[in-house]
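J.: Each protein sequence line maps, in turn, to chains A and B. Residue numbers for the first sequence follow my numbering, so the first one is 330 and each next one is one higher. Residue numbers for the second sequence follow my numbering, so the first one is 215 and each next one is one higher.
Some hints could be false.
[To be verified] To be clear about the criterion: a stretch of chain B counts as covered by chain A if any three or more of its residues have a C-beta under 8 Å from a C-beta of chain A, and this derived list gives those stretches:
| no. | stretch |
| --- | --- |
| 1 | 282-291 |
| 2 | 298-310 |
| 3 | 346-352 |
In case anyone wonders, no lab produced these hints; they're calculated from the structure. Using N, Cα and C, we set each Cβ at its ideal position, and we do this for glycine too.
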Amino acid sequence: MRGIPTVLITVSPEVSAQMRPPRAIYPNGFKIGNSLGKPGARELQKQILQDALTLFTENTRPGEFVTKEYAEYGEYHEPPRVKTKV
Amino acid sequence: MTISRKCVPFTPFEGELAKSTVAIVSAAGVHLREQEPFNISDELGDLGYRVIPEDVESSQLMVTHHHYDHRDADKDINVVFPIDALRELAEEGFIRGIAKKHVGYMGYTMQLKAMYEGTAREIANEIDKGSRADLVVLTGG
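Pulled out of the complex, with its shape left as it was, chain A reads as follows (with noise of 0.2 Å):
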């Protein structure tokens, strides 16, 4: 048995972590749901897609999860606010 290469694409590395995927991209601050972005943002989701696939390429460590930026997610998920004492 050889085996199929794998990427995970993950928004929740520390969960995806316990299994020990081989290799794995994580889209910084992307919620849970949005794996691959907004819907209808066809290009960001082709651009998360390749770079998934490039790790493939690249000499990566078996189990390194490698963290993206995406600009054009931007503001789309707001993270929760916090409340301050004023």
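Given chain A's structure and the hints, the job is docking chain B onto it.
T.: Relative to chain A, chain B alone:
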């Protein structure tokens, strides 16, 4: 073959993307509208999986999963199951093509051993035997 649960099961890739066929395996609860939905009423989770064919239209796909907000996937399945995006990369020559089979399952379970030793192996066999995939992209919710 038993793999140590501490090792990283890394399969090297020595080919070229432009000559490779790619399958999607997603834990985001994706399935065809005509397929039986995942059983979200079972608190232990659904250990099944659904095979999604190569020629699927993204409008034929839907999500049954109650452990993440899939409203965006309901609008555009590509945010968790990038089938159209993958197809466009094939048309552009970035990859050779998309695999004959893709797989959706519900990535929530309280039956981890059964998922790890049963479902995961069945999915791997499904991809290995019938999809002609050289590479697999894994996605979650």
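J.: Which hint numbers does the structure go against, in order from smallest to largest?
T.: Violated: none.
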